[in-house]
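Novice: Please model the complete structure; the sequences and the hints are all you need to start from.
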Amino acid sequence: MLKAIAKGLGTTLRVLFKPPSTYEYPEKKKPRAARFRGRHELRIYENGLEMCVGCELCQVACPANAITVVAAENDPAAPHSPGERYGYKYQVDLLRCIFCGLCEEACPTDCLHLTQEFELAAFTREAEVYQKDRLLARRPSGYRVPENVYPPYTGRKAAVHA
Amino acid sequence: MAAALAWIALKSLILILVLLGGFAYIMVFERKLLGWMQYRLGPNRVGPWGLLQPIADGVKMFFKEDLMPRDADPIVFHTAPMIALAVALLAYALIPVAPGWAIASPDAGMLTLLAITSLGVYGIALGGWASQSKYALLGSLRSTAQMVSYELAMGMAALSVMVVAGSVRFADIVDAQAGLWNIVRMPVAFLVFFIAMFAETNRTPFDLPEAEAELVSGYNTEYSGMRFAMFYMAEYVNMITAASLITLLFLGGWRGPWLPPVVWFLLKVVFLLFVFIWVRATLPRLRYDRLMHFGWKVLLPASAANLVAYAAWVALR
Chain A
1 MLKAIAKGLG
11 TTLRVLFKPP
21 STYEYPEKKK
31 PRAARFRGRH
41 ELRIYENGLE
51 MCVGCELCQV
61 ACPANAITVV
71 AAENDPAAPH
81 SPGERYGYKY
91 QVDLLRCIFC
101 GLCEEACPTD
111 CLHLTQEFEL
121 AAFTREAEVY
131 QKDRLLARRP
141 SGYRVPENVY
151 PPYTGRKAAV
161 HA
Chain B
163 MAAALAWIAL
173 KSLILILVLL
183 GGFAYIMVFE
193 RKLLGWMQYR
203 LGPNRVGPWG
213 LLQPIADGVK
223 MFFKEDLMPR
233 DADPIVFHTA
243 PMIALAVALL
253 AYALIPVAPG
263 WAIASPDAGM
273 LTLLAITSLG
283 VYGIALGGWA
293 SQSKYALLGS
303 LRSTAQMVSY
313 ELAMGMAALS
323 VMVVAGSVRF
333 ADIVDAQAGL
343 WNIVRMPVAF
353 LVFFIAMFAE
363 TNRTPFDLPE
373 AEAELVSGYN
383 TEYSGMRFAM
393 FYMAEYVNMI
403 TAASLITLLF
413 LGGWRGPWLP
423 PVVWFLLKVV
433 FLLFVFIWVR
443 ATLPRLRYDR
453 LMHFGWKVLL
463 PASAANLVAY
473 AAWVALR
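Protein chains in written order, with my numbering: chain A, 1 to 162; chain B, 163 to 479.
No lab work stands behind these hints, which were simulated from the structure alone.
There could be a bad hint or two in this list.
What the hints assert, rightly or not - Counterexamples of contact, computed for chain B against chain A with all Cβ distances above 10 Å:
(1) Asp235
(2) Ile237
(3) Gly262
(4) Ala270
(5) Gly328
(6) Gly341
(7) Ser379
(8) Ser386
(9) Tyr394
(10) Leu453
(11) Ala466
Said to hold, decoys possible - Computed list of lysine to any residue pairs in SDA-like fashion (alpha-carbon distance at most 20 Å, straight line):
(12) A/Lys18 x B/Leu196
(13) A/Lys7 x B/Leu195
(14) B/Lys194 x A/Thr12
(15) A/Lys28 x B/Leu203
(16) B/Lys194 x A/Pro19
(17) A/Lys3 x B/Phe356
(18) A/Lys7 x B/Trp440
(19) A/Lys7 x B/Pro446
(20) A/Lys18 x B/Asn206
(21) B/Lys194 x A/Leu9
(22) A/Lys18 x B/Val437
(23) B/Lys194 x B/Trp211
(24) A/Lys3 x B/Val437
(25) B/Lys173 x B/Pro423
(26) B/Lys194 x A/Phe17
The C-beta atom is built at its ideal place from N, Cα and C for all residues, glycine as well.
Specialist: Listed below in structure tokens is the structure:
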């Protein structure tokens with residue numbers, strides 16, 4: 001019995017001098033994987049046009065029914081996206097989302113994309129339902145507009161809307 | 163006369179402040195050590211390295227509601243934590259931390275101390291009984307039984323030290339260890355005393371009175387706010403007293419080369435407190451029947467045989 005107690009005391013004493021395995025979270029964040037699936041983002045082309053063409057495939061792919069898309073026809077004079085339609089309304093309910101990434105896979109234009117952002121706490125339920133204004137990426141992604149699209153690509157100046 | 167009284171009052175005030183400050187920082191020390199021994203960091207949110215944690219805890223405790231169960235005995239319920247804390251603080255008045263550095267040093271110092279520490283069980287027993295709660299009652303019954311059983315072994319181990327020193331004054335007991343510390347001269351007595359001290363202070367592996375797995379929290383289940391804090395303070399002050407007592411009886415008290423006596427005393431006490439916490443981080447709680455079995459069938463015979471052996475040695479010397 002004394003031998004076992006001595007062994008136990010030895011173990012705790014050894015651990016005392018080992019570094020702790022704690023991540024001090026708010027100050028130091030754990031590195032995330034390159035394909036980490038966080039909050040959704042709708043990317044835009046480098047000229048400012050939205051990549052979303054309102055196909056609603058993400059809504060269909062979603063197993064948790066978290067995504068709602070309402071598409072609308074583009075005005076050829078001032079298009080939102082290089083395509084017939086664009087995402088008039090785009091809503092992701094993060095309270096339902098299971099971050100599986102199936103929407104990202106379903107997207108034909110590589111528009112929808114799950115970012116590294118994972119700190120999604122909020123004070124109200126409404127704040128967890130992200131609307132298009134919060135999902136749209138701020139910075140151009142570097143994607144170029146494909147050439148065989150409708151309405152025809154009219155150049156950078158005409159395409160950028162207010 | 164008045165000046166002497168004022169001097170004693172001042173010394174007592176300093177002692178109480180030192181003990182309560184010590185209590186606060188032992189708490190941080192314990193939580194830090196337990197954290198480090200479990201690959202954790204321990205408290206580090208309040209102040210640098212968590213050093214202001216006791217202030218945060220104190221403020222929190224102070225603003226908690228002071229609850230009392232409907233059927234509790236109000237007078238006993240309210241006095242029990244005071245008894246526990248007062249007895250714990252009183253015991254330290256007899257302990258010299260350096261030659262002559264004590265509030266009182268009666269000739270029968272060791273005996274008086276044993277008498278006072280025996281009163282400590284009243285706070286716990288009454289607190290548990292007055293709460294009118296089965297968990298609190300069971301906790302206090304366990305505690306009473308445990309403290310009474312281990313006090314015998316502890317007393318006999320201390321008695322062998324007194325027999326060898328030929329005195330019950332702390333100064334004489336420390337002086338008798340001038341050549342050789344008692345831990346070397348009587349290792350069995352040291353071991354028995356050390357183990358009994360864990361039981362007396364209700365520390366793991368003998369923390370059955372507040373076995374949180376079975377008894378919620380034992381005798382202090384129904385207490386909240388400052389009254390709960392007083393029980394806690396009593397427990398930690400008792401821990402300081404226990405460490406000081408072991409230092410005096412077995413580790414040569416304030417004796418040591420180069421450094422001043424107070425520093426040596428403090429170093430030894432802090433080391434013993436470290437051992438107390440270290441054991442807490444290591445050992446699980448004993449089952450109740452094993453605790454009683456160990457106390458009566460192992461510790462008591464061992465300390466009795468030890469006492470007889472040293473008494474015979476002193477008589478024949």
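Novice: For this structure, which hints from the list above don't hold up?
Specialist: none
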